[in-house]
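> Next come the chains, spelled out residue by residue.
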Amino acid sequence: MTALSDTDRGAPPRRSRRLTGRLLARRLLRLAGSLAVLVVASFAMIHLIPGDPLRRMLGSTAPKELVDQRRAELGLDQPLPAQFADHVRQLLSGDLGTSFFSSQPVADIIGQGLPHTLALAALATLTALAVAVPLGLWAAVRTRDGRRRGTETAFTTLTGAAVAVPEYLYGLALLLVLSLGLGLFPPAGLTGPASYVLPVTALAIAPAAMIARLARVETLRELDSDYMRLARAKRLPAWRLYAVHLLPNTLTATLTMGGLLLSGLITGSVLVENVFAWPGLGLRTVEAITQKDYPVAQAMILVYGALVLVVNFLVDLLIDVLDPRSALSASTTSGEG
Amino acid sequence: MNINDPVNISGLTVRFGSRTAVDRLSLEVPKGSTTGLVGESGSGKSTLARAVAGLLPCRGTVTGVAPGRVQMVFQDPSSSLDPRMSIGDAIAEGTRVPRARRAAEVGRLLELVALPAGYAGKYPRELSGGQCQRVAIARALAAGPELLIADEITSALDVSVQGAVLNLLRELRGELGLTMLFISHNLAVVRYVCDAVAVMRHGRLVESGPVQDVIGAPRHAYTRALLDAVPRLSPAASDTERVRRVR
Amino acid sequence: MRRLPRNPAGLLGAGIVALLVLLALFGPPLWADAAARINPREISQGSSAAHLLGTDALGRDLLARTLTATRLTLGLALLATLIGTATGILLGTLPQVLPRRAGRAVIAAVDLLVAFPALLLAMFTAVVAGLDAQGAVLGIGAALAPAFARLTHTMTASVAGADYIAAARMLGVPRHRVLTRHVLPNIAEPLILNTAQAMGGALLGLSAMSFLGMGVQAPAYDWGRLLNEAFGHVYVTPSAVVAPALAVTLAGLGFMLLGDSFARAAAHTRAPAGGPAAAPAAVPAPDEPAPDTVLEVRDLTVAFPGGTTPVRQVSLTVRAGEILGLVGESGSGKSMTAAAIGQLVPHPGRTGSARIRLGGVDLDGLTASERRRLLGSSLAMVFQDPTSALNPALRVGGQLAEVATLHGGATRTEARDRAVERLDRVRIRHPADTARRHPHELSGGMRQRAVIAMGLMNTPRLIIADEPTTALDVTVQREVLRVLREAVDETRAGALFISHDIAVVGEVCDRIAVMYAGRVVEELPAGALHQARHPYTRALVGSLPDMDTDRSRPLTTIPGRQPAPGDVGEGCAFADRCALATARCATRPELRTRTGTHSVACWEVK
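Residue numbers (the numbering used here), protein chains in the order written: chain A, 15 to 351; chain B, 4 to 250; chain C, 30 to 635.
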C-alpha cells in the first residue's frame, strides 16, 4: 500500500468504515464457498474408499443380496451425478441420512449431541481466555526489554510444556487423580454442573498456555512500538498506558489465535468426550468411524467441518469490528505499488 | 534497429486491480546518457522501472533495447544480494562467459566498481551497505546491459557513502558509455548525476527535458513546487533568507 | 545440524529425544519377549517387584510393552512426518513454478485446508484409507501437510519478494533454477528446524488416533494402542494407563522443547550479553547557563553492558525559541542522545550525566513522580515513523486530549476543544473531523503534524524531534518543517532536531551540533555550515550534492567507516579517516570554542 500523498489534504480524509458492508459480503461469499467444498468432500469420502464400501461395512462374508439391498437403500447404485443431486437435496431439507446400525436418523443423533459439545467447547474457550490474557499481559510487562530473564525462562518453559501435552492426557490425569483417586468429581457422563469441571479443564489447559504465550509476545511487540514510546514520553499513568493504549492492540492478534485454537478445541473435544464418556458428538463420531457406519461418519465430518468454518467466520467478523486497521487492510486489493 | 536508437518507452500502462499506477507514459532515454526520473512516493516511478525491466506485466511498448538486456539496481542493499551466495557467484550468475574465464571476469567487474578482486569469496553480511550496492552494480554490468535502471540506489545509504556511489556511477558512464535510467526522490542528486530529467506524478509524466532546462526554468507548477521544497545549503543564502524559506 | 540448542530447556529436549531414539533402536530386542509373554496368573495387576508398572488384561508386563512400543510409535511418527513435510513443501513451492492461475488455486486450496483442525483431516483420511496403522499414518501426514505448505509458501513468498530474486529474473535465470538456487537454500534451515515440531505433532496425533481405535490394531501396539487397551479397564485398574500416558507426555515434551529451541535459533534472537553496565561516572560542571536556557545537558553518557557506549560526554544547550540541530550518520549516537534526554533509554542501557536541566529544573533532584509530571507537561517528542507513532486503536483527538486531562488538569470538554484548536494550528484542514478519526485514515504528513500538535497540548518547554521528516516526501517535509518552526516561534519553546540530512538541518535550525562516534565534534551557527572547520563536517557538506553543486567535479568522499559504539578508541575517533591526522590525534581533542558561537574538537584546524 502506498502512502497517501499530502496533496489530498484539502478534502476531508476518506473513511474506511463504509467498506464494512462489502467486506461482510466477501466474507459470507468465502464462507459459502468453503461450505460447498466441504459438502463435496464429505460426499466424495464414501466414493474415495478403495474397493466396495459396502463390503468394508458388512464384511466379506455377508450374502450378496444383503449387500445389494443395502446399496440400494443408500442410493449407491445410482449414477454419481444423481447421487450428488440427491445428497444436496437431502442436506437442504435437513435430512442427514440414517444410521446404518441403529437406523436412527443422523439428524437426531446430531441434535442430541451438538448442544453438549458446544457447551463444552464454549466453556473451555472462555476459561482459556479468562486465564491466559491477563497472564500473558502480566508476563510481558514483567519481562519487557529483557528484564527478569528467570521469569521469562520459567514462563516460556512452563507454558511450552503445557502446550506439548495433548488434551486427552490431561483428561486421563484428571480422571485418575481427581475423580477415581480423590472422588471429587464424577468420572463419566453428564450428571450435573460438577460433571463439567474435568472435561472443561482438560480441554482448556493447552489452549490457555498457547494464548498466554502469544499474548506475551504480542504485548512485547506493541510495547516496543513508537506509539508506546510516545505514550511513555507523554508520562501517562501505568493504568492508562496498559489498559487504554496497549490492550486494544494486543487483543486483535490474541483473538485471531484464540479463534484458530477454538476450532482446534472443537475437534479436541472428540478426544476429551471419549475420556469422560461425554454425551456429545465426539463419542458418536468415533463410534461411527470404528463401526464403519459411513452415513453417520460422513455427516459428523460435515458437521465438525461446518462448525470450524462458521467459528472462523465469526472470529474474523469480531476482529473486523474490534480493529479498524484490519478492515482497511482486508478491503484494499492485493496490488503493491 | 540501429544501435544508437534511443530507448523508447511508449504508452506504458501498469494496473494493480482497479488502481492505475502508471498511466500511458511515454519517455525517451537517449543512448549513452543518464536520464533522471523524479517523483514523490506513490508517483509510480518504481513501478515504471519494474515494468521496463520486465518484472511487472504492463501494456505499451519499449523499443531500442533487446528483451532481457535491461538490468536494475535496487534501493535496499540488504535485500539486493542473496545472503547464501558468495559475491563472486552472484556476479557470475549474470556473466555470459565460459566457465573457465568466469573468475577473471568477476575480478574485472569487481575492479570496475572499485572493490578488491579478493572480495569474490566474501558473503553479503561481511560487506557494508555501500559495498553491497557496488556489488549489485557489478552484477548488473556483468550481463552487459543496454539499459541500466538505478532505483533509489543511494536512499538507504549514509551521506558520505552516497557520495562515493554517485561518483562511481558517473565514472562508469564515462568509461562504458552506459545508458541509464536514474530514479530518485532527491532532485539535488538527480541534478548532479543526470543529463536529462523527467518528473512523474500520479503515474503520469509532468515535465521532461535536459536537466538545466527543467531545473533552471521549470514550466510545470508541480516541478516548481518540488524544486522549492528541496532543502538548500547555499553559501549565498543569508540567515534571514534561510529562515524565511521555511516560514 | 549447525545450531545445536544451548539453553537448558533445549538440552533437556535433545536429551529426551536422544533417549527415545535409543529406546526405539534397542528396546524391542531387549524387552519384546517379556512384552509378549502371556501370564494368566498375573492378570491386571498393580505395581509389584516383578512388574514395576503392573500387568495388562492378559498378564503381560506393561513396562516392557511400553518400552517395546517406542520403536513402532517413533517409526510411524517419522513416516507421517516425512509424508506431511514432503507434501507440504511440494504444495508450498508449487505456486512458484506453476502458471499464475494454477498457483493461486493451490494457495486457495491450502488456505481452505489449513482452517480445518488436524484431527478432522486425519479422521477423514483414516475413514478413506482404512482403520489401521497405514490409514493413521496417511491421515496424520495429510493433516500436517497444509500447515507445512502454508509455512513454505509464506517463507517462499517473502524470499521471492527480495530484490535479489528480481535481479536473478532480470539476468534470465529460469524459474526452477531461481527456486533451487535462491529460494530453497534460504528457507531450508527454518523448514528443517520446524520438522522437529512437526514430528512431535505427528507422534501426539498418531497416539490420539490409536487411542480412539482408529490407528494401530492388535496384536501390534504403539503407545496409543496401549492406552486404548488400558482405558477399557480404567475403572478396574487405573494404574495401567500410567506407563503409556507418561511415555506420550515425555515424547511430546521432548520434541516441543527441542523444536522450541530450534525455532528460537532460527529466529536468531539473542539478547546482548555481558554483565550489568556500570553507571558512567559524572564529572560536575560548575558553569551557570544563560537565563533563557530551556535545556542544558552536561557530560551526558549512555552505556550498555559489554562496553558499548553510544553517547560519550555530550554537552548541549538549547535556548527558548531556538532549534538546535543534531546531525550525524547512523551510529553516531544522535538518537540515543535524544532518548536519554527524554529519559527513554532502552533497557539495559544506563544514563550518566553531570546535569540535565529542563526549564531550569535539575532532573536529578526530582522524585520519580515529580519528574514524570515535569516531563509530561514540558517535553514533547516527535519520532521518525508517522505510521507507528500514533496508537492505531484510538482516535486522534482522544490521544491528544489525554495529555491535557492528565497533566494539564483540563476537563474532558476543554481538552477536546484544545485538541481541535491545536490540530488547526498545525495546519490540518477540518480539524474537528480529523480529531474523530483513527490514525490509519490520515496521510503520513498529517499524522506527523498531529504528533506535533500533541506536543503542543500543554505548554512545552522543549520539543525533541527525532528524524521527523525522514519518512516523508520533500513537499510534505517542507510543510512539517514549517509547522515545527511556527510552533517554536509561537510557544517560545526550544527544540532539538535530530537528522542525518545536513541540508534539512541547515535549513530549519538555528545552530547545529555535529556528532561523530558518540561525541559532538563541532558546534556552529546553521548559516556558517560552509565555513565549517572540522574535517568531518567539511567532508559531510562536500559529499552532499545540492542544487548548486559543481557537476563537473566528483563529490568529496570519506574513506573507511565510522567506528561502532563498542570500538571507539582513546584518540580522535575520526583520525583513521582524516587527511589532516598527525601523531597528536592519538590524544583526543576537546571541544573548544574558537569564535563566539563556533566550537571545534580538532587539533589540526584553527
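Keep in mind that the hints were calculated from the coordinates and are not lab data.
One or more of the hints may lead you astray.
These stretches of chain C come out as covered by chain A in the derived footprint (C-beta under 8 Å, 3 or more residues) [stated by the list, open to error]:
| hint | region |
| --- | --- |
| 1 | 50–58 |
| 2 | 235–243 |
Anything over 12 Å on all C-beta distances counts as not near chain A; from chain C, calculated [unchecked claim]:
| hint | residue |
| --- | --- |
| 3 | Gln74 |
| 4 | Gly336 |
| 5 | Val390 |
| 6 | Gly600 |
| 7 | Arg623 |
FRET-style restraints, in silico, Cβ to Cβ [to be verified]:
| hint | chain 1 | residue 1 | chain 2 | residue 2 | range |
| --- | --- | --- | --- | --- | --- |
| 8 | A | Leu328 | C | Arg465 | 25 to 31 Å |
| 9 | A | Ser117 | C | His469 | 56 to 62 Å |
| 10 | C | Ala186 | B | Gly71 | 23 to 29 Å |
| 11 | A | Leu332 | C | Ala186 | 26 to 32 Å |
| 12 | B | Tyr126 | C | Ala47 | 31 to 37 Å |
| 13 | C | Thr183 | A | Val191 | 40 to 46 Å |
| 14 | B | Asp8 | C | Thr183 | 43 to 49 Å |
| 15 | C | His469 | B | Thr23 | 19 to 25 Å |
| 16 | A | Leu198 | C | Ser77 | 26 to 32 Å |
| 17 | C | His469 | B | Arg227 | 30 to 36 Å |
| 18 | C | Ala186 | A | Gly195 | 22 to 28 Å |
| 19 | B | Tyr126 | C | Ala615 | 31 to 37 Å |
Since the model is a prediction, treat every value here as computed from it, not as a measurement.
Just so it is clear, CB atoms sit at the ideal spot from N, CA and C, and this is done for glycine as well.
> Hint by hint, say whether it matches the structure.
How the hints compare with the structure:
1. 50–58: Violated: only 0 residues of the region 50–58 of chain C have a Cβ under 8 Å from chain A.
2. 235–243: holds (count 6)
3. Gln74: holds (17 Å)
4. Gly336: holds (18 Å)
5. Val390: The claim holds: C:Val390 sits with its nearest Cβ about 15 Å from chain A, beyond 12 Å.
6. Gly600: holds (33 Å)
7. Arg623: holds (36 Å)
8. A:Leu328 - C:Arg465: 25 to 31 Å: holds (29 Å)
9. A:Ser117 - C:His469: 56 to 62 Å: holds (58 Å)
10. C:Ala186 - B:Gly71: 23 to 29 Å: holds (25 Å)
11. A:Leu332 - C:Ala186: 26 to 32 Å: holds (27 Å)
12. B:Tyr126 - C:Ala47: 31 to 37 Å: holds (33 Å)
13. C:Thr183 - A:Val191: 40 to 46 Å: holds (41 Å)
14. B:Asp8 - C:Thr183: 43 to 49 Å: With a Cβ separation near 44 Å, B:Asp8 and C:Thr183 satisfy 43 to 49 Å, so the hint holds.
15. C:His469 - B:Thr23: 19 to 25 Å: Between C:His469 and B:Thr23, where Cβ atoms are some 23 Å apart, the hint holds.
16. A:Leu198 - C:Ser77: 26 to 32 Å: holds (28 Å)
17. C:His469 - B:Arg227: 30 to 36 Å: Roughly 32 Å apart at Cβ, these two residues keep to the hinted range, so it holds.
18. C:Ala186 - A:Gly195: 22 to 28 Å: At 52 Å between Cβs, range violated.
19. B:Tyr126 - C:Ala615: 31 to 37 Å: holds (34 Å)
The structure fails hints 1 and 18 (numbered hints given earlier, in ascending order).
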